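*Asks:* Let the hints inform the model, and build the full structure from the sequences given.
Quick note, the sequence shown lines up with residues 1 to 799 if you use the working numbering.
By construction, these hints were calculated from the structure, which means they are not laboratory data. Do not rely on the hints blindly, as some may be mistaken.
To be verified - Result set (EDC-like, lysine to aspartate or glutamate): computed pairs, CA atoms no more than 16 Å apart in a straight line:
(1) Lys-543 <-> Asp-576
(2) Lys-81 <-> Asp-59
(3) Lys-42 <-> Asp-69
(4) Lys-361 <-> Asp-794
(5) Lys-81 <-> Asp-22
(6) Lys-42 <-> Asp-22
(7) Lys-361 <-> Glu-380
(8) Lys-543 <-> Glu-451
(9) Lys-361 <-> Glu-403
(10) Lys-768 <-> Glu-705
(11) Lys-768 <-> Asp-108
(12) Lys-768 <-> Asp-682
(13) Lys-179 <-> Glu-153
No experiment lies behind these values; they were computed from the predicted model shown.
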Amino acid sequence: MFDHRSFATPPVAPALPPRYADVVLPRRLHRPFTYVIPSSLKGQVAIGQSVIVPFGSQDLHGLVTAVYDRLPLGAPEQGLKAVRCLAPASPDHLLTSSQIDLSRWVADRYAAPWGQCIKLVAPFVDQVDRRPSRYRPTAQGTDNSSLPEGLGEVETQVLSRLRRRPKGITERTLAQGDKSRVMRALQILIRRGLVVRCDDAVVPRAARAKKPPSPGAEQAVFARLTVDDLPPPLEAAAWPDTVGRALSQDVYGSFLVQGARATRLWCLVQAARAAIRRGRRVLVVTGDVENAGRLAEALAAAGDRPLLLHSGLSARERAAVWQSAQDSSATILVGTRMAVFAPIDRLGLVWVEGEDDASLKEEQSPRYHAEQSPRYHAREVARRRAFCDRALLVLASSHPSLESWSAVQQGEMTACVYRDPSGFPRVQVIDLREYSRETPAGTLLSPPLYEGIQEALRQNALAILYLNRKGFASVLHCGDCGAMPQCDACSVALTFFRRSNHVRCHYCGRTKPVPDHCTRCQSLKLEPVGSGTERIEEAVRRKFPLARVGRVDGETIRRPADARAFSRLLAAGELDIVIGTQMLFRFGLQARAAFVGVPDADAGLHVPDFRSAERMYHGLMDAVELALPAHAGGAVMIQTRLTDHHAIMAVAAGDDSVFLQQEQAFRQMLQYPPLTSLVRLDVSGTLEPVVAQAAGRWAALLRAEVVSAGNRGTNAGDGSPLLQRSTGFGGETSSIVILGPSPAPHAMARGRYCWQILVKSLSLEAGKEIVVRTREVLDRESRRGGLRFDIDVDPVAMA
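*Replies:* Listed below in structure tokens is the structure:
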């Protein structure tokens with residue numbers, strides 16, 4: 001094996017049967033490895049083929065990405081290992097060149113190991129049943145004319161047994177009796193080319209799936225909405241002609257569709273029908289499982305029953321969907337972010353529903369024990385797929401991301417805004433500074449908000465309270481010293497739940513009884529601070545004892561059975577008041593509420609994340625969409641202490657531009673995406689001093705690279721200078737700013753410490769180049785304390 005990138009001459013397309021193959025292994029490896037194709041496999045190994053190869057002391061599945069007849073000039077053949085055998089054919093083990101290219105693009109775009117990116121297009125490649133290896137005679141070993149000379153008695157006996165069983169015999173069967181002698185004999189036979197060890201009995205578990213699951217079964221949990229329920233929205237009447245013209249050109253194009261959920265669904269169905277009429281296939285990607293199921297149900301009216309792909313399916317079910325997609329047996333595939341890599345040919349339409357949803361980005365969990373890599377964004381991968389397949393890309397949302405809005409402003413996308421002003425409820429902003437809290441403990445329910453709930457109850461209508469914070473209170477607080485109970489493993493404050501009388505860490509999930517005293521000063525004055533959904537529920541039940549109240553959050557909806565129970569109550573009209581977090585938006589509520597209250601609109605704003613205002617705005621707009629239109633009596637009441645915040649003002653005015661223009665101005669002033677590029681580097685490990693030292697080392701290497709490149713307008717310290725273009729090494733280059741290192745916002749989780757570094761640049765490629773170069777240096781250096789160096793290109797969450 002060798003790193004073929006070290007040689008300048010690329011492999012030449014072979015005219016003769018190839019003798020060498022480049023194989024990518026599904027591990028944290030950045031490059032392929034070169035193997036010799038044995039004579040027994042000549043003409044059988046091709047690009048996209050799944051093979052079994054030796055790697056260290058193991059035999060691993062790998063995927064062939066290149067084959068050639070001669071090695072690059074200067075590359076040594078000595079020491080190259082041979083391919084063991086072909087892996088069994090299965091849908092994800094036969095890759096097309098476009099799938100291989102997509103995995104390579106993801107690796108380059110997100111500075112991720114190609115070995116892990118190849119698993120995105122071949123997700124079951126290393127999920128195998130570990131069956132015993134078999135030993136088989138080679139063509140030379142099966143020549144029965146005579147026994148080869150120089151074989152000992154044991155070698156002769158073993159070869160004779162294998163000749164009688166050409167399909168192979170397992171090691172365990174062969175070694176019965178004297179294992180050591182038999183194993184030595186096998187090694188001699190292998191060296192002489194008479195026997196080969198092969199793991200072709202290693203069968204992917206998922207490949208044995210028989211039938212893809214039906215999308216309808218699980219969606220009985222949620223409110224259904226089909227295209228027949230949707231009258232053509234007047235504001236989107238021009239969409240069928242618009243999308244028809246775009247699809248007829250058979251070139252890449254992109255649209256941003258903005259409108260209410262029902263309008264977007266109608267537009268999706270029209271676009272899917274238009275693509276199918278032209279003999280093209282449709283890929284729909286969304287951020288969560290529940291929404292994927294609803295979309296699949298609605299799209300059933302547009303053509304063949306859609307395939308549904310998401311992480312909630314078993315491995316065998318996902319493999320069945322994968323195979324059906326590859327066999328062109330369905331015209332539509334709907335799924336979560338993994339679906340963007342599905343093997344779909346003749347792709348005509350790529351639709352990303354809820355393009356602003358943060359769950360479309362594969363992020364590093366705060367639980368640093370588990371690694372998610374590569375950290376790709378499904379929206380950007382969808383853009384790449386549409387471009388390569390000359391398909392139409394549609395990004396859809398009721399409130400577009402700032403990135404997509406900026407793309408429209410720059411002429412990179414066409415906006416189709418289908419908003420019906422008459423469908424907007426009446427929005428009232430309540431300044432919490434004008435009202436004292438109702439109880440000593442504080443409930444954040446002002447008199448106007450109580451009156452809004454009361455009015456909905458008088459009308460026998462539904463009232464919804466949205467607060468994106470679960471629990472009775474955010475934290476417990478010592479009244480004497482100010483300390484808060486924290487998780488021992490994660491060093492974050494524990495959330496208090498009164499009903500079950502426990503505190504829980506929402507990073508590692510650890511739960512323990514409520515402490516009876518402060519661990520710092522031994523005081524007994526531990527009091528709840530802040531309001532969560534449980535605390536709001538308690539206040540509402542106390543104020544409206546006869547009302548039927550339901551709560552929807554991660555504590556009450558833990559299993560599908562919980563979701564079914566809630567859906568039945570809601571559909572039967574057996575709930576008067578619903579209190580919930582963002583989980584409310586996952587249910588696709590059709591029973592829109594007469595009153596929607598937001599007790600604390602500022603809850604998510606005060607976090608160390610430059611996207612916090614955008615997330616707050618999107619959450620508020622989703623809450624507004626739960627209310628009936630104003631002409632039907634719908635009202636929304638938003639409580640805040642920041643009445644002049646641009647997100648609050650935009651929601652009150654029902655005007656996206658109020659928020660987007662002001663937010664873009666702030667981002668430009670602070671030089672954050674989408675106006676600049678950002679890469680976050682995470683250094684984590686079990687020993688904090690070692691982690692801090694390694695983070696400092698990485699930052700020093702980065703700053704040295706910046707200086708050596710001759711960038712001006714950068715800073716070697718920890719400040720935030722303005723980025724500016726400079727003429728440096730090789731002409732005009734992008735300036736780069738290195739920020740940090742510093743402890744991550746959640747500096748420890750599950751016993752692992754984390755420090756981070758931020759790399760800002762005007763050019764993403766310039767920033768990535770120095771990151772990749774310095775990471776290679778760190779990878780070569782010794783590691784202590786279980787160090788890991790992770791790269792997050794275009795991070796969505798900073799806290």
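*Asks:* All hints, please: hold or fail.
*Replies:* Going through the hints against the structure:
1. Lys-543 <-> Asp-576: 13 Å, holds
2. Lys-81 <-> Asp-59: 12 Å, holds
3. Lys-42 <-> Asp-69: Within the cut-off at roughly 11 Å; holds.
4. Lys-361 <-> Asp-794: 9 Å, holds
5. Lys-81 <-> Asp-22: Roughly 12 Å between the alpha carbons, so the hint for Lys-81 and Asp-22 holds.
6. Lys-42 <-> Asp-22: Judged against 16 Å, a Cα distance of about 15 Å means the pair holds.
7. Lys-361 <-> Glu-380: Holds, at roughly 9 Å.
8. Lys-543 <-> Glu-451: Satisfied, since the Cα-Cα distance of roughly 11 Å is no more than 16 Å.
9. Lys-361 <-> Glu-403: Holds. Lys-361 to Glu-403 sits at ~14 Å (cutoff 16 Å).
10. Lys-768 <-> Glu-705: 12 Å, holds
11. Lys-768 <-> Asp-108: 9 Å, holds
12. Lys-768 <-> Asp-682: Between Lys-768 and Asp-682 the Cα gap is close to 14 Å, so the pair holds against 16 Å.
13. Lys-179 <-> Glu-153: The given pair, whose Cα atoms are some 15 Å apart, holds under the 16 Å limit.
Consistency with the previously given hints is maintained throughout, with no hint failing.
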